[in-house]
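> Sequence:
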Amino acid sequence: MKYMLVYGETYIPDSKQKRVIINKVIELDSVLKKQKWLTEIFESNIPYYNKLVLLYISKVLFNGTLNILIGYCKENSILPCLCNVHEKIHRDEYLHGDFSVMCCNHLVNKLKYEHVLDYFKMAVDLEYQFSLEMLELNVLKIKKEQVRAFLEYLTDTMLTNLKYPKHYNSKYPFSWPEFTKIIVNENGKEETVKKGENVYGEKQILFDEDF
7 MKYMLVYGET
17 YIPDSKQKRV
27 IINKVIELDS
37 VLKKQKWLTE
47 IFESNIPYYN
57 KLVLLYISKV
67 LFNGTLNILI
77 GYCKENSILP
87 CLCNVHEKIH
97 RDEYLHGDFS
107 VMCCNHLVNK
117 LKYEHVLDYF
127 KMAVDLEYQF
137 SLEMLELNVL
147 KIKKEQVRAF
157 LEYLTDTMLT
167 NLKYPKHYNS
177 KYPFSWPEFT
187 KIIVNENGKE
197 ETVKKGENVY
207 GEKQILFDED
217 F
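If you read the sequence shown in this note's numbering, its first letter stands for residue 7, the second for the next number, and so on.
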């Protein structure tokens with residue numbers, strides 16, 4: 007959501023109008039709920055694995071609404087500069103998510119599936135509420151069922167990456183293609199990851215470096 011505020015700095019030149027819109031966004035009930043939910047969990051002295059899962063959720067699932075909006079813009083050739091900037095941000099956010107997943111998949115003591123699922127169910131509900139409050143679905147010609155299906159589809163993908171079973175078995179609901187996933191290889195060169203290709207946890211992680 008913070009990137010939506012950054013975009014507002016660029017696309018809303020009138021300072022008063024910009025402040026009104028930004029305040030409206032940060033005071034949304036769904037935004038306050040997401041902030042409260044994450045804050046309360048992190049302040050409850052949870053194990054490291056739980057924090058990694060929540061970091062993954064905050065970087066990927068909590069960007070689901072923005073991904074829907076950008077996907078629509080790209081499909082309809084709207085705001086190309088915004089879409090180009092978002093692709094770079096999208097890459098960085100997913101790299102953070104990749105790191106969380108790779109760490110999770112190398113830990114011995116993992117969280118039970120039921121507990122992980124509780125996190126994701128709550129996150130889906132919160133992001134779904136945010137989508138309904140944030141997006142003009144009539145203008146975008148998107149149905150509420152599609153929004154929900156996309157978040158559930160995204161959740162199943164994330165659960166699979168964490169080596170847990172899928173829960174929703176929802177299908178990708180939109181006509182536009184999914185975002186291309188970008189990773190950075192060992193040489194620092196960007197590589198495009200083909201759809202369906204699993205890179206999570208495949209790289210060797212060493213913990214013997216002398217810092």
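Read the hints as simulated data drawn from the structure, not as lab findings. Treat each hint with caution, since some may be false.
Unchecked claim - Label pairs and their in silico Cβ distance ranges: (1) LYS30 to LEU88: 31 to 41 angstroms; (2) VAL31 to PRO86: 39 to 49 angstroms; (3) ASP131 to ARG25: 21 to 31 angstroms.
As the list claims (entries may be wrong) - Straight-line alpha carbon distances no greater than 25 angstroms define the calculated DMTMM-like cross-link-like pairs of lysine to aspartate or glutamate that follow: (4) LYS177 to GLU120; (5) LYS147 to GLU184; (6) LYS169 to ASP35; (7) LYS147 to GLU49; (8) LYS57 to ASP162; (9) LYS80 to ASP35; (10) LYS149 to ASP162; (11) LYS172 to ASP124; (12) LYS65 to GLU99; (13) LYS65 to ASP35; (14) LYS150 to ASP35; (15) LYS39 to GLU49; (16) LYS127 to GLU46.
Values in this document were obtained by computation on a predicted structure and should not be read as measured data. Glycine residues also receive a C-beta, built at the ideal position from the N, C-alpha and C atoms.
> So, for every hint listed, does it hold in this structure?
Here is how each hint holds up against the structure:
{"no.": "1", "hint": "LYS30 to LEU88: 31 to 41 angstroms", "verdict": "20 angstroms, violated"}
{"no.": "2", "hint": "VAL31 to PRO86: 39 to 49 angstroms", "verdict": "23 angstroms, violated"}
{"no.": "3", "hint": "ASP131 to ARG25: 21 to 31 angstroms", "verdict": "30 angstroms, holds"}
{"no.": "4", "hint": "LYS177 to GLU120", "verdict": "22 angstroms, holds"}
{"no.": "5", "hint": "LYS147 to GLU184", "verdict": "18 angstroms, holds"}
{"no.": "6", "hint": "LYS169 to ASP35", "verdict": "33 angstroms, violated"}
{"no.": "7", "hint": "LYS147 to GLU49", "verdict": "40 angstroms, violated"}
{"no.": "8", "hint": "LYS57 to ASP162", "verdict": "19 angstroms, holds"}
{"no.": "9", "hint": "LYS80 to ASP35", "verdict": "28 angstroms, violated"}
{"no.": "10", "hint": "LYS149 to ASP162", "verdict": "20 angstroms, holds"}
{"no.": "11", "hint": "LYS172 to ASP124", "verdict": "13 angstroms, holds"}
{"no.": "12", "hint": "LYS65 to GLU99", "verdict": "5 angstroms, holds"}
{"no.": "13", "hint": "LYS65 to ASP35", "verdict": "20 angstroms, holds"}
{"no.": "14", "hint": "LYS150 to ASP35", "verdict": "18 angstroms, holds"}
{"no.": "15", "hint": "LYS39 to GLU49", "verdict": "15 angstroms, holds"}
{"no.": "16", "hint": "LYS127 to GLU46", "verdict": "17 angstroms, holds"}
Consistency note: the structure conflicts with the earlier hints numbered 1, 2, 6, 7, 9.
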